[in-house]
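Numbering (this note's numbering), first residue to last: 59 to 458.
Hints were generated in silico from the structure; no laboratory data involved.
A portion of the hints provided could be inaccurate.
Label pairs and their computed distance ranges (CB to CB) [what the hints assert, rightly or not]:
#1 A216 to L196: 27 to 33 angstroms
#2 A279 to P346: 35 to 41 angstroms
#3 K220 to R93: 41 to 47 angstroms
Where is the CB? At the ideal position from N, CA and C, for every residue including glycine.
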Amino acid sequence: MVRHPLSRAADPDAGWLTVVMRLAFLLLLGTSLTRYLTHHLASPLTPWVVGLSLALAVGHLSGLSERRSAWLAAVLASWAVLVLMAPSFAWCAVPLVYTVLRALPPRAAIPLVTVLTVLVVVSELRLPGGFDPTMLLLPPAVAALATAVFLYMQRQGARQRKLIVDLVRTRRELAAVERRQGALAERERLSVEIHDTLAQGLSSQQMLLQAAERTWQQDPAAALGHVRTAAAIAARNLAEARRFVHDLAPADLAEQGTLEAALQALADREAAESGLAVRFHLDGQPAPMPAAAQSALLRIAQGALANTREHAGAAHASITLSYLGDQAVLDVADDGRGFAPALVGRLGRDERTDWAAGGSRGHGLPAMRARLRQLGGTLTVESAPGEGTVVSAAIPLAGR
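Build the full structure now, drawing on both the sequences and the hints.
In structure tokens form, the structure reads like this:
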């Protein structure tokens, strides 16, 4: 079965190479015909030679020989008859060898090229002038060289096409993996943000509303204060939700302008809303810090205070921001009940454990560690039963 030649889209060089081979065939055919007419114009075979030459030129130029077995057979048969009548047409075999190699699979093309080569050798030996060893050796050498080069290039092209297909498939797989990783990273970001803002705010609102419900009959003024505080928390949570959906800085940081002011505002608000005595202390001279690092430290302070409020049973807490040369360190300490990290899930091995004794809130410490890991920072938790807890977050300062 004749193979369809490669399209120009699949092999852009096939088009011009085909044109060159056809022009070369026409040139060799015309030269052979001219030589024959010059030496054998009066021969009775001349009309047949001229007619077959014209038919062969039209057939080969049409390109149908590359698409249909019948046309390929007709072209080769016409050329074979011409060679038998006039050996000078033998050199037209070079473009025909290319046509055969291009149109047929190697198992069919190589035997046919061998037959064409034998025909060329026989025709050359029929030329007058005696035996010439060159005519016996040159055609097979040329045919073997042309066949070897063509098959090598064909296989190289097939390997390159396979590599291109593999490369395209790999790029698509990598793109899919990157999309999945991006989706997972976004999910992790949203889960961390929700935990550090909305979840903690909702927890505070729940406690305040429960307190308001308990005191509604006995102390309406206190209950109303709880409700107003819960409403303020809800408004702040709404602002936080809008900001982290757009991947902006925390609302406190945006409103206060500096990390130090935002931490002070956090301490004041926590003290007013929860009754926990919280104070903020700045140690060292503030240094430039990337916005992502400021956001991370503020979120960690929020999360640590939320854990203190909900689990530690503490009366006092402190937030300390220290600038220590090449890094900034945030310490959140409380005088609560504390816990034994070694007995509560092994913090270093199971980051799902929170520092509430016997409890596990799922996202507290993992969220903090994830934030710091992205910024090259570290998180340290020190605690013991009855001795309170200290959460320490260290982030390297840019350009130091």
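Now the hints, each set against the structure:
no.	hint	verdict
1	A216 to L196: 27 to 33 angstroms	holds, 30 angstroms
2	A279 to P346: 35 to 41 angstroms	violated, 47 angstroms
3	K220 to R93: 41 to 47 angstroms	holds, 46 angstroms
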